[in-house]
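Student: All chains should be modelled from the sequences, with the hints used to inform the complete structure.
Just so you know, the protein sequences line up as chains A and B, in that order.
Reading the first sequence from the start, the letters are residues 1 to 312 in the working numbering.
Reading the second sequence from the start, the letters are residues 1 to 229 in the working numbering.
Some hints could be false.
Stated by the list, open to error - Capping the alpha-carbon separation at 25 angstroms, the derived lysine-lysine pairs in DSS-like fashion look like this: (1) A:117 - B:9; (2) B:188 - B:171; (3) A:78 - B:9; (4) B:217 - A:117; (5) A:305 - B:43; (6) A:147 - A:171; (7) A:6 - A:78; (8) A:133 - B:43; (9) A:126 - B:9; (10) A:78 - B:43; (11) B:43 - A:230; (12) A:126 - B:43; (13) A:147 - A:226; (14) B:43 - A:84; (15) B:9 - A:113; (16) A:216 - A:226; (17) B:29 - A:117; (18) A:17 - B:217; (19) A:6 - A:102; (20) A:117 - B:43; (21) B:43 - A:113; (22) A:243 - B:97; (23) B:9 - A:6; (24) A:90 - A:32.
What the hints assert, rightly or not - Not the full set, but computed from the structure, chain B residues with beta-carbon under 8 angstroms of chain A: (25) 6; (26) 16; (27) 17; (28) 18; (29) 63; (30) 76; (31) 81; (32) 83; (33) 86; (34) 90; (35) 141.
Unchecked claim - Calculated Cβ distances over 12 angstroms to all of chain A for the following chain B residues: (36) 91; (37) 174; (38) 211.
To be clear, the hints were calculated from the coordinates, so they are not data collected in a lab.
Glycine included, every Cβ here is placed at the ideal spot set by N, Cα and C.
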Amino acid sequence: MSNELKIRIIQDSKGNKLRLNAITIEAVESLKIFLESFTTLANLYDNPSDFKVSLTKGSIESNLIPPTNNRQFNQDIKDIVNGKLGDKDKIKAFRTIQDRIKQNGLSYQVFWKINNKTNDLTNVFKGVNFRYKRNRLDTEFETVFLKGKLFDAGGKTISNIHIEQFDEEFKIECSKDKVIQINQFIYNTVYISAIKSTKVNQRPTYTLIDYYHNQKEQSECEKFHKLILKTHGLEKFDIVHDKLIELLENDNIQFISYLMNIFNNIHTERGIIRTILMTIKPFIKTQKLAMLNIGYESLSTTLRKESLNNRI
Amino acid sequence: MLVHDSLSKFNDHDLPENFVSIAVMIDPKNHEPRHAAILIRYKSVNYLHHYPGGSPPLVEDNFNESGWYIYKIVDSFSYNDPSDIASFLQYCRRVCKNSNITYSYIADGSAYTQTGDFASKQGLPEFGTCVGFCLNTLQGGMIDIESTILELSEWDDSNVDVTIGNRAQSKVMVKYTDLDWDLYNAFKKRITPLEYLCSAYFSSFPIAKNDITVIAKQVLEEIRLIYQN
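Tutor: Encoded structure:
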């Protein structure tokens, strides 16, 4: 039997079930989008005329049937499910389907039938947006640790701090709240961490992550961050967990805060963020960790950003 | 609630390559769920996290038993991100390593804290069944869940297998000579593996017993359909 990519429109926005012999206008719009996307997709493969489409009765089901010898299509579906970046034009066609499915209103199901087994891909299409490979005009991001004399802090629309280290000046963007806190160190040395963003052929820009009370605290944070980044096996999650437990047992809440902040960005791998949250979760409601609540919520929000259906 | 085509049979599907799922072992005779587990797939390798009951809980690496496991993917764990799945796998390994669970039909809302001390909510030592063990594990791993997956107060001991329950209790008596038996009996309850599987269909917690009961029949029917083919 052939493989099939099946999209089923189950209900209209009023909750009524849909049938092929009574299609509401909004469902027709969806069907049109799906059929057009199928056409676009078929034309991106080697033998477009061998692709077929079928409409099945019952719910409104539109199916794209790739030719049986087309392994590339199978691989492309597999890549989409596994969140891998794909070919720009193909991803755009799948994104068109995905955007329609994610709109509120009608309810849909998506299935991929391969070798007679049916995989439910509804959540994949309702989840994180499919992405395509970009070319080298990317921005590169790096977590950096800086120290220097704070010689300016403020800004009217965009707030930032300015530090000087060995005749080099750094402008670091941060929130107004952070400016006020860091300003207490004016004309003294400050110890900070920041995200350094570098676009090709442009000067880097800096966004503040955190500031530290002294050199020792900054060094320890930097050392731990480096350790996690360079540990490749699953033991890195145990290292994070064990460190947090050790800090909890020693009541070192400040350092827990440093760790939560240093890993709180979309460039940190999800597993690290989840491990921090899982470890802290049982204790977060206790009085002892009250000062970590904002950091915990913020870290949860970061994890939620690229989650499926907004669930973590 | 759409139950049709929502369950997967292990190991008929190789997509996706990474996921966390609520899994149950099916009894070949009556096609009903009889054991609870968490099936994790990480980089296309399968791992089974479960508490066999007669032996300590474990994560089985390279799990490969064909045919008698049914699973439903939990989408709190991003299955397009191997790192997310890997962190949960490591957490499960830590839970097993630190667990001192004794088999009993007890469910008191406790969870696995990761410190090596089972954080009992009610003051009981670590008790549970295969179902309780898996629910507690998931509760610790899913950040959105503030308390418990199920509304435990709505379950009681009416589904307890008396023979198994008595055997378990006699082992408990030997292990915990100072146990508060009033407390033990107050939290005696049985959640079935079928009810555990049904919890995979919900996204707000805790889940009421009635909501589970409403879909249980459809889920059982879906399992029977899978084994008919």
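Student: Against each hint, give a clear statement of whether it holds in the structure.
Tutor: So, going through the hints one by one against the coordinates:
| no. | hint | verdict |
| --- | --- | --- |
| 1 | A:117 - B:9 | 10 angstroms, holds |
| 2 | B:188 - B:171 | 16 angstroms, holds |
| 3 | A:78 - B:9 | 19 angstroms, holds |
| 4 | B:217 - A:117 | 24 angstroms, holds |
| 5 | A:305 - B:43 | 23 angstroms, holds |
| 6 | A:147 - A:171 | 12 angstroms, holds |
| 7 | A:6 - A:78 | 15 angstroms, holds |
| 8 | A:133 - B:43 | 21 angstroms, holds |
| 9 | A:126 - B:9 | 23 angstroms, holds |
| 10 | A:78 - B:43 | 13 angstroms, holds |
| 11 | B:43 - A:230 | 20 angstroms, holds |
| 12 | A:126 - B:43 | 22 angstroms, holds |
| 13 | A:147 - A:226 | 17 angstroms, holds |
| 14 | B:43 - A:84 | 13 angstroms, holds |
| 15 | B:9 - A:113 | 14 angstroms, holds |
| 16 | A:216 - A:226 | 15 angstroms, holds |
| 17 | B:29 - A:117 | 24 angstroms, holds |
| 18 | A:17 - B:217 | 22 angstroms, holds |
| 19 | A:6 - A:102 | 16 angstroms, holds |
| 20 | A:117 - B:43 | 20 angstroms, holds |
| 21 | B:43 - A:113 | 21 angstroms, holds |
| 22 | A:243 - B:97 | 17 angstroms, holds |
| 23 | B:9 - A:6 | 20 angstroms, holds |
| 24 | A:90 - A:32 | 18 angstroms, holds |
| 25 | 6 | 6 angstroms, holds |
| 26 | 16 | 5 angstroms, holds |
| 27 | 17 | 5 angstroms, holds |
| 28 | 18 | 7 angstroms, holds |
| 29 | 63 | 17 angstroms, violated |
| 30 | 76 | 5 angstroms, holds |
| 31 | 81 | 5 angstroms, holds |
| 32 | 83 | 4 angstroms, holds |
| 33 | 86 | 5 angstroms, holds |
| 34 | 90 | 4 angstroms, holds |
| 35 | 141 | 6 angstroms, holds |
| 36 | 91 | 6 angstroms, violated |
| 37 | 174 | 30 angstroms, holds |
| 38 | 211 | 18 angstroms, holds |
In the structure shown, a violation is registered for the earlier hints numbered 29, 36, in ascending order.
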